[in-house]
Each structure stands twice: as structure tokens, then as C-alpha cells.
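Protein chains in written order, with my numbering: chain A, 1 to 511; chain B, 1 to 316; chain C, 1 to 272.
Hints may contain errors.
The calculated label-pair distances, taken between Cβ atoms and stated as ranges, are [stated by the list, open to error]: (1) A221/B with E162/C: 19 to 25 Å; (2) P214/A with V110/B: 51 to 57 Å; (3) G33/A with F173/B: 53 to 59 Å; (4) G59/B with D462/A: 46 to 52 Å.
Because the hints were derived from the structure by calculation, they are not lab data.
Computed from a prediction, not measured in an experiment: that's the story for all the values here.
In this text, a Cβ means the ideal position worked out from N, Cα and C, and glycines have one as well.
The primary structure of each chain is shown beneath.
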Amino acid sequence: MPVNLRCAALIAFAVLALVHAEAKTAIAEEASGTPLPIAIDSSPAGLDPHIVTAFNSVAIVSGTIYEGLTAIDNDLQVVPSLAESWSISSDKLSYTFKLRSGVTFHDGTPMTAEDVVSSLRRVQSKEIASPLASRLIAVSEVDALDPLNVELKLKEPSAPLLAALAGIAIVPRSMEANKDALQKSPIGTGPFRFDAWQPNGFILLSRNPHYREPGRPKLAGLKFNIVPEAATRAVGLESGQYALLPQLDAATALELKGKPGISLSQTLELSNIVIGLNAARAPFNDARVREAINYALDRQAIIDAALFGAGVPAGPLSPVLKAWALPVSDFPCYHHDPQKARALLQQAGFAQKTKLVLRVLASRQDIKDIAQIVQAELAEVGIDVELANEETGQFVQNWRNGNFDLFASANAGGADPDEFLYRAFHSGGSTNVFKYSDGDVDRDLDEARRLSDPAGRKAIYDRLQMKLACLGPIAAIAYGTLFSAARADLKGYEVMPNRSLASLREASFSP
Amino acid sequence: MLKHLLLPRLLDLVIVAFGVSVIAFLMIRMIPGDAVALMLGANSEVTPQALAELRNRIGLDQPLLSQYLRWASAALHGDLGTSLWTGRPVVEEILANIWPTLELTFLALVIGAGLAVPLGCLMARRRGRGADMALRVVTVLGLTMPSFWLGIVLILLASRLLPGFASLGYVPFVENPFGNLARMTLPALALALPILAGLSRLIRSAMLNSLGQDYIRTARAKGAPERVILYKHALRNALIPFVTHLGITAGYLLGGAIVVEEVFAIPGLGRLILGGVSERNYPLVQATILMVTIGFVVLNFAIDVIYGLIDPRLRH
Amino acid sequence: MKLFDDRVLTFAAFLVAAEIALALCAPAIAPYDPLAQSIAARLKGPSAAHLLGTDQLGRDVLARILFGMRATLLDCVLAVGFALGVGGAIGIGAAFFRSWFERLAMRIMDVIFAFPVMLLAIGVIAMLGPRASSATLAIAIIYTPIFARLLRGPALVVCEAEYVTAARAIGASGWAIVIRHLLPNLASVILVQTSLALSSAILVEASLSFLGLGAQPPMPSLGLMLAEGRNFLMLSPWSAVFAGSAILLIAFGFNLLGDALRDKLDPRLAKA
């Protein structure tokens with residue numbers, strides 16, 4: 001037997017040596033003409049831009065495979081994309097978009113006004129049941145004036161329309177009635193085209209040689225590797241197998257900071273971490289109890305603990321929206337004051353004995369940690385909270401059905417304040433799961449939508465923020481810092497507050 | 001005789017397949033949270049009408065029984081449906097994910113079972129002495145090491161000690177044999193360790209057990225060499241529990257594979273099922289469970305037959 | 001035959017007794033409240049104030065491990081006990097009665113057994129809601145067919161042995177045969193498998209907690225601590241390392257105890 005063992009050891013060693021050599025050459029190859037290896041945490045739920053709206057799907061397709069009439073730049077301003085310019089009628093009820101000429105889809109067909117019309121109709125169609133339909137709720141008619149001009153007619157003025165159009169991909173007209181094709185093999189006009197999808201393995205995009213801007217993109221392609229474990233992604237980046245991790249949690253970012261050959265970039269998120277309060281149920285149907293929650297929370301302590309200090313206390317709007325967001329120092333209830341919280345609870349006649357359930361979106365460690373701290377802080381003012389950590393499917397179901405006392409999760413924001421505020425706080429808003437209903441708030445939200453004068457809108461949104469921050473159904477906790485790590489020689493990539501990877505169009509490897 | 005042995009077992013196989021299909025079908029539907037709500041995501045803007053329409057589109061508004069009958073009859077005709085999310089045929093998705101798992105489990109079994117036999121013999125032979133004690137402690141440690149933990153530790157260690165070795169993901173063997181092995185070595189090791197530990201202990205126990213039997217004593221008395229006694233008589237007897245345990249191990253392997261596949265980013269069946277459950281991808285989960293469990297049942301059927309061959313006492 | 005002249009057995013018995021004692025006394029000896037947070041002192045290594053360091057919310061790792069051991073032990077002993085009782089009865093019954101009972105019982109076991117372990121657990125827990133008691137039930141269900149199958153094979157061999165058929169022929173009652181012949185002959189298998197099952201049940205519990213399906217935060221649980229700690233592995237590995245070691249130690253103790261007991265008590269084993 002000793003002989004056998006020695007033999008086995010020799011063979012094992014030989015295999016290890018071979019394998020080691022092979023692994024090294026594989027990595028050396030990747031530096032040259034192969035696609036940029038990116039590691040993301042989960043598979044997309046499909047690639048049809050009008051059907052899937054989850055973060056991870058949108059990040060893969062939006063700005064890479066697909067483009068909209070407009071786009072959102074790094075400063076969250078609306079800029080031209082497939083439309084090179086537009087004009088708006090004086091009554092704000094008609095928008096005319098002039099399309100870029102010479103744009104082709106990945107299948108070689110030219111992109112014309114007809115495709116734009118059918119794409120917008122596709123989003124509005126009942127057959128497709130697109131969740132983006134409500135963004136076009138104001139649009140009554142879409143017409144192709146000629147091959148390069150499209151007119152949108154509106155029922156009423158809609159200030160957020162241009163920002164909303166950035167999220168609506170233009171697809172070939174042949175797709176208008178086709179529900180399934182784009183989910184598995186997407187066709188757009190973007191800088192990268194779809195090549196292959198190995199389920200749970202990777203999604204491969206290659207350079208679109210006919211992209212509308214000559215010389216772009218510079219990369220040979222993008223390979224989205226699906227790597228669920230954070231530690232594995234970090235090791236893969238360090239060992240050179242992955243060149244870009246688009247999203248990192250704060251703990252991993254801290255670990256990778258200062259490692260040779262890795263560059264970290266960061267920006268403030270557009271989305272925030274929130275504690276939702278059910279305004280339709282006791283005790284949170286009482287505005288004083290909602291206000292008390294805000295006083296009970298020590299936001300800076302939560303950020304220091306759960307986000308390792310990487311984030312800022314949140315108001316209803318992200319500070320990234322510089323033109324709109326009020327500083328949190330304007331909100332009195334953002335001052336940690338347990339005494340005041342107890343007083344408010346007493347006024348409201350809050351019964352100490354009530355046991356409330358806080359539903360936690362358990363897919364993120366930072367949210368789980370925040371929930372535990374919130375639990376401790378609420379206990380201090382006499383609110384007894386039990387945590388229920390729920391897997392995404394369960395959480396979404398309870399959330400959508402308004403089946404919660406409190407919840408902890410992340411809330412996506414938009415480039416225009418209307419996008420988030422209307423859907424969350426208007427009594428008819430599509431994500432107003434709190435059943436929050438306030439006549440003044442509804443009137444303000446409706447009016448701000450119709451106004452086109454920025455100063456007038458700003459005044460209304462200021463008023464709304466003041467009210468919603470302390471008395472609304474959301475106790476906003478923090479806007480986290482969004483970290484992104486890349487191999488140091490990847491140039492031109494910028495991390496964006498809305499998690500878009502559109503800047504990969506400009507990226508390249510510099511020697 | 002073979003017919004006598006096979007026919008009732010084949011009938012059993014059909015019964016088990018039916019039971020599994022019913023449970024698989026019901027289980028995924030009893031988990032709170034449905035596919036449609038998930039598909040639309042937490043942050044999108046959805047009206048109740050949109051939800052109802054989407055539900056209707058994928059047939060979720062039908063009564064459970066008719067949903068099951070429709071699925072079962074299609075499955076009997078070889079149509080396992082299409083993935084709710086990607087719209088691809090489920091069979092295609094399973095085939096795309098099955099090879100990494102098969103390879104991983106095969107490697108783990110070869111490593112685990114291959115080393116367990118000599119290790120178990122060694123422990124049995126040296127019973128009560130230093131080597132046995134040390135190996136017992138080591139195997140127990142191996143057995144009690146959580147595989148996700150082991151996987152992460154292996155990745156971290158490899159990245160420190162052999163930079164560049166920690167190759168992640170998967171490439172098919174036919175495309176790049178060395179790249180394939182480079183990526184499969186660590187996960188197979190992580191998966192094999194508990195198998196190795198468990199099986200070697202089993203062999204040790206079983207061999208000690210048979211070494212106490214009369215026929216071994218007879219063989220000894222007749223002056224048979226110790227090697228022959230150990231490997232021919234004792235080991236052969238130890239094979240019965242060993243083979244039974246292999247069948248159970250196959251069940252462990254898929255469970256272990258889920259976690260190891262997560263850690264090493266291998267696109268295998270474990271992740272397909274896990275992802276399918278969390279996405280409430282009903283057709284995909286049903287079909288994958290059905291195929292995996294039937295494969296498993298067939299394997300154990302084969303083991304039962306082998307069992308009968310090894311131990312003639314069980315033949316009738 | 002003295003029970004404690006075997007050093008491995010003595011060591012294992014001592015280890016298990018110590019672990020059980022620690023778990024039982026957790027409320028008395030834990031240096032801190034396992035839920036008390038102290039953000040300023042988080043992710044620290046071992047020190048005089050916190051012997052095993054602190055976790056990501058500044059909670060004392062030692063206190064959490066003691067309470068976690070208590071919870072883990074209780075859950076796993078309950079689960080495996082249930083599985084042994086139910087599964088063992090089914091397996092031995094199948095071997096003893098044969099005919100339709102064996103067919104029916106073993107097919108039901110096959111259906112459960114054929115399900116991938118994790119998936120079965122995920123399904124059971126998802127239906128009942130994620131909490132420690134659901135995980136216990138899930139583990140019990142997972143191990144039931146395993147005991148049934150593991151005991152049926154050896155039980156069959158015993159039932160077919162000449163002395164048993166002889167006992168049956170002279171009209172011995174079923175209970176007498178089970179108690180006089182089957183159980184003593186199966187004792188070694190039961191001992192080994194229970195020890196294996198207990199230690200692997202601890203691992204299943206840890207894996208379930210890893211996937212967020214076992215005990216829920218903020219309750220201390222070893223698997224959960226390990227799972228949470230892995231997110232901060234490179235910043236401060238202490239919580240994960242100690243929780244992992246605690247899991248290892250418990251599983252190790254039970255495993256070794258069963259192994260050594262078996263070595264000692266089984267009359268059919270060759271004497272060293």
C-alpha cells in the first residue's frame with residue numbers, strides 16, 4: 001500500500017502542476033482581446049427590458065444592449081440618446097423627437113420612427129403587461145411623422161416624461177406582439193450585442209461593430225459571470241479572474257481597499273434603505289407614532305454600524321438629486337431624541353404591550369443588521385418589535401399585499417423626484433403599500449407633475465419632503481455608498497448612482 | 001429470477017415517481033409568494049390588473065388540480081414545459097446545468113470512496129493504536145466541517161498560497177480539459193471530504209464487525225495470510241453497508257453540491273433548483289426535482305440489485 | 001469489562017458532558033446578554049473584556065456561542081430523536097413484517113428520501129415560516145427515511161438468520177423477537193448512525209441557517225453566526241472562526257462518543 005500511496009501522490013502532484021500552469025495562461029489570455037470579465041451576484045430574471053425591472057436584470061441590459069430615446073448621465077441629467085433632439089409644444093401636450101439617422105439594430109435592420117412607436121405601444125399593451133406602463137400613463141398617442149420624427153401626444157402635462165423615457169428601451173418593431181423572444185435573445189441598438197447565456201454561469205455580450213458612435217465601444221465584449229458568494233467575487237478580482245465587480249457591500253469594499261492592482265470607485269446611491277410603516281393599521285395609522293419612530297432612530301449610529309460609515313442619513317429624496325433634495329438638518333425628527341419619542345407615544349396612547357412584526361428583506365446583510373439595530377433602538381423607547389427575516393419571494397408578496405406592521409428593505413429612486421414620491425406616497429401610487437392617504441399630499445403630487453417650471457416644482461417638493469420625512473409612512477434610514485471595484489488598468493468606467501453600467505461604452509484597458 | 005426481482009421494483013419506481021411529482025408540484029406552490037409578484041419585482045410599478053393578466057398568461061389562475069393534470073399529462077408526453085422567466089424549454093435549462101453537477105459529484109465520489117477504502121482498512125488494522133486514533137479524530141473533523149465553510153476557506157487559502165490557482169466558474173471538459181480540472185479540483189475536494197470521512201469510518205466499523213465473525217476465525221485457524229483475511233474476507237463483507245451508504249451519499253451530494261456550487265460559482269443543478277425556488281419558477285423546479293429524484297431512485301434501484309448480488313440471502 | 005479504560009471513550013464522554021453542561025448553564029455563566037449591542041466595540045478580537053471578541057454589532061461572541069450551543073443541541077437532539085423513533089420503527093417493522101407493509105412503508109420513505117435534502121428542508125421551512133422549530137421539523141423529516149433504510153438492511157439479515165426463523169417457528173411473539181434478537185443485533189448500527197446523524201444534523205442546521213432558514217436574528221445560533229461572520233471574514237474573522245469551532249466541537253464530541261461506545265459495546269467486534 002505505501003507504494004500505491006506514493007504513486008497517487010505523484011499523480012496528484014503532476015495534475016496540480018499542470019492545472020496550475022493552465023490557470024495562469026488562462027488569465028494571461030484574458031487581458032487581450034477577450035471580453036471584460038465581470039462578476040455579479042445573481043442571474044437576471046430574463047432580458048426583455050419591458051418585462052424585467054429587477055436591479056440585476058436592468059444593470060445587464062440597460063445602456064449596454066438597449067438604449068432609450070433619452071438617457072440619464074452620471075449627474076442624473078437627461079441627455080439625448082437615440083433621439084438627438086426634441087421639441088415640446090407650448091401647452092406641454094406634444095413632444096416631438098428627432099431620431100439619430102443611421103442607427104441599426106443588432107440584427108442589421110435600421111432603427112426608424114416605426115420602431116419607436118411600436119416599442120412604446122409594446123410597453124402600453126395589455127398583452128405584454130409591462131410594469132413600465134405606468135411611466136407612460138400620460139401618453140395618449142404615439143405617431144411616426146416620418147422615418148426620423150416621432151410625436152408623443154399627452155393627456156396632461158407630465159414633467160417626469162423625459163426622464164421616464166430613458167428607462168424605456170427601443171426594440172425592433174417585429175417584437176411588438178412577441179412576448180418571449182427578447183427574454184432569451186435580446187436585440188437592441190446598444191454598444192454591445194447579446195451572444196450567449198449559460199444559465200447560472202454567465203451572460204456574454206460582444207462588441208457591436210455597427211454602433212452609432214464610431215470607435216465605441218472599445219472593449220471586445222462583456223462577460224457577466226454569475227457568482228453568488230461575496231468572498232468568491234473578491235478573491236476572483238484579486239486573482240485577476242474578474243476585472244470588474246460593479247457592486248460591493250461596504251465590508252468587502254473595506255477589505256479590497258488599498259489592495260495592489262485594484263481600484264475602488266464610489267458614489268452615493270439613488271436608492272435608500274427604509275423602514276416602512278403600515279399607515280392602514282394600528283399603531284402606525286396615528287401620525288404621532290410614525291413621528292415617534294423617527295425620533296427613536298439614531299441614523300448616524302446605524303450607518304456607522306451596519307454600513308461601516310459608508311452612507312448618509314436619508315430624507316425622502318436622495319442627496320444625489322442635488323437640485324431637489326432638502327438637507328436632513330431641515331427635518332427636526334431626524335435628531336435622535338428617545339425622550340421625545342416616548343412623549344409622542346404616550347400622547348398617542350400607544351400600548352406598550354403590542355408586539356409588532358418587522359419584516360426584513362433577508363437577501364442583504366446590511367439590511368439584516370440595520371433591522372437588528374432598529375429593533376434595539378425601538379425597544380429603548382418601549383416598542384417591542386419581533387424580526388421576521390424573509391426570503392425575497394415571501395417578502396415581496398407580503399409587501400405588495402400590505403401585510404406588515406413594519407418592514408426593512410431598499411427602495412429604488414429615480415432621476416426625477418416624481419418617480420419615487422408619486423408611486424410611494426400618492427393614495428393611488430403603484431407602490432403605496434402602506435395605504436398612506438393624505439389629501440394635501442395627493443394634490444401636491446398631482447400639481448407638481450403638471451407644472452413645468454422647475455422653481456414652482458421645487459417649492460412643492462420642498463413642502464412634501466418636510467411633511468413626509470417626519471409624518472410619512474417611511475422612516476428613511478440611509479443612502480448607502482455604492483462601491484465598485486475594478487482592475488486598476490480598466491479606464492473610463494464610472495460607477496453611477498442608479499447602478500447603470502452604461503459607462504462601459506467608454507471603458508478600455510490602458511497598458 | 002431476474003424478472004421476479006425487477007418487475008415489482010419497476011412498479012415501485014413508478015409509484016415513487018408519481019408521489020414525487022405530486023409533492024414537488026404542491027410544495028413549490030405552498031411556499032408563500034408567487035412567481036408573478038416576484039417577476040415584477042419589489043420596486044416596479046404594478047397595477048392589480050397587470051398582475052392578474054400576467055398570472056393568466058402563465059396559467060396560474062387555474063385550479064390546482066387542473067394545473068397538475070395539465071402538467072403531468074404534458075410531462076408524460078415528454079414535454080416538461082418552459083421556464084417562466086427565460087421562456088426556454090426546461091429540458092434545455094436542465095441539460096445546460098447537469099454536466100457540471102455530474103462531473104462534480106463523480107469526482108467527489110471517486111476521491112471520497114477511493115480514499116475511504118484504504119483509509120478504513122488502515123484504521124481497522126491498526127485499531128486502538130496511534131494511527132487509528134489520529135485518523136479517527138481527523139475523519140471526525142472532516143465529517144463535521146460544514147462544506148460551505150470549507151469551500152470558502154479553500155478559496156481563501158488557495159488565493160493566498162497559489163495565486164492564480166483559485167479558478168472559479170466552469171468550462172466544459174471537452175473544450176478545455178485542464179481548465180476544467182483546474183476549476184473542479186477545489187470544489188470536488190470540498191465536497192469529497194465529508195464523504196471520505198463518513199465512508200472510511202463506515203468501512204472501519206464494518207471490517208471490525210466482520211473480523212469478529214466465525215468464518216474469519218476459521219480462516220485464521222486455517223493459517224490464511226493476514227492480507228487475504230483482511231482484503232478478501234473482511235473487506236468483501238464490509239461492502240454491503242458501504243454500497244448502501246453510497247446510495248445515501250448520492251442524496252447528500254446534491255444537497256452538498258448546492259452550497260459548493262454557490263461558493264465556487266459553478267452553474268450546476270443545485271443552483272438551478274435553488275434559483276428556481278427563489279424565483280418561483282414552477283415548471284423549472286418541478287421538472288428538475290422530478291428528473292433528479294427519478295435519477296436518484298433509479299440509482300438506488302440499481303444498488304438494491306447489486307445488494308442482492310453481493311448478499312444472496314436477500315435474493316428472494 | 002470496564003467502560004472507561006478506553007481513553008477515546010473517556011475523552012469523548014467528558015467532552016459531550018462538558019458541552020451539555022455548558023449549554024445548560026449558558027444563562028448562568030454567559031458573561032453578557034447575548035443580544036446586547038455595543039456598536040463602538042464591534043468586530044474586535046479576543047480581549048479581557050470579551051474573551052472571544054465581538055461580532056459585527058458589538059455583541060459578545062462567547063455569550064452568543066453559549067446560547068447558540070444550547071439552541072443547536074436542543075433542536076438537533078429533538079430532531080434526531082424523532083427521526084430515530086419513527087424511522088427506526090418503520091425500518092425494523094418493514095424487515096419484520098415484509099409483504100405489503102414493507103412495500104408501502106418503504107415506498108413512502110423512498111418518496112421522501114428521493115428529495116434532495118436541502119430542497120426538502122427549504123420546502124418544509126418555507127411552508128411553516130423560517131424559525132428554529134421549522135428547521136427542527138425539517139431535519140426530523142430528512143432523517144426519518146435515512147434511519148428507516150439504514151436499519152431495514154441489517155434487520156433483514158437478522159430476520160433471515162436461522163436462529164430467528166427458528167424462534168419464529170417455535171412461536172415466539174413478535175415483540176420477543178424484536179427485543180431479544182433484533183435490537184441487540186442492531187444496537188451497533190443504531191449507535192453509529194445516531195452519532196453520525198446527530199453530528200450531521202448539526203451541520204444541516206448550520207447550512208439552513210447559512211441560507212437564512214434556521215434560527216432568526218437576533219437570536220444566537222451557531223450556524224447563523226458562522227453565516228453572518230463570513231461577510232466580515234477579512235475584517236475580523238473571530239466570530240466566524242469561533243462559531244465554526246463550536247459547531248465542530250459539538251459534532252466532534254457526539255461523533256467520537258458514538259464511535260467509541262460502539263467499539264466498546266458491540267460483542268461481535270473483533271477484540272483488538
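Exercise for the section: Enumerate the violated hints, using their earlier numbering and listing them in ascending order. Expected result: Per hint list: single violation, 3.
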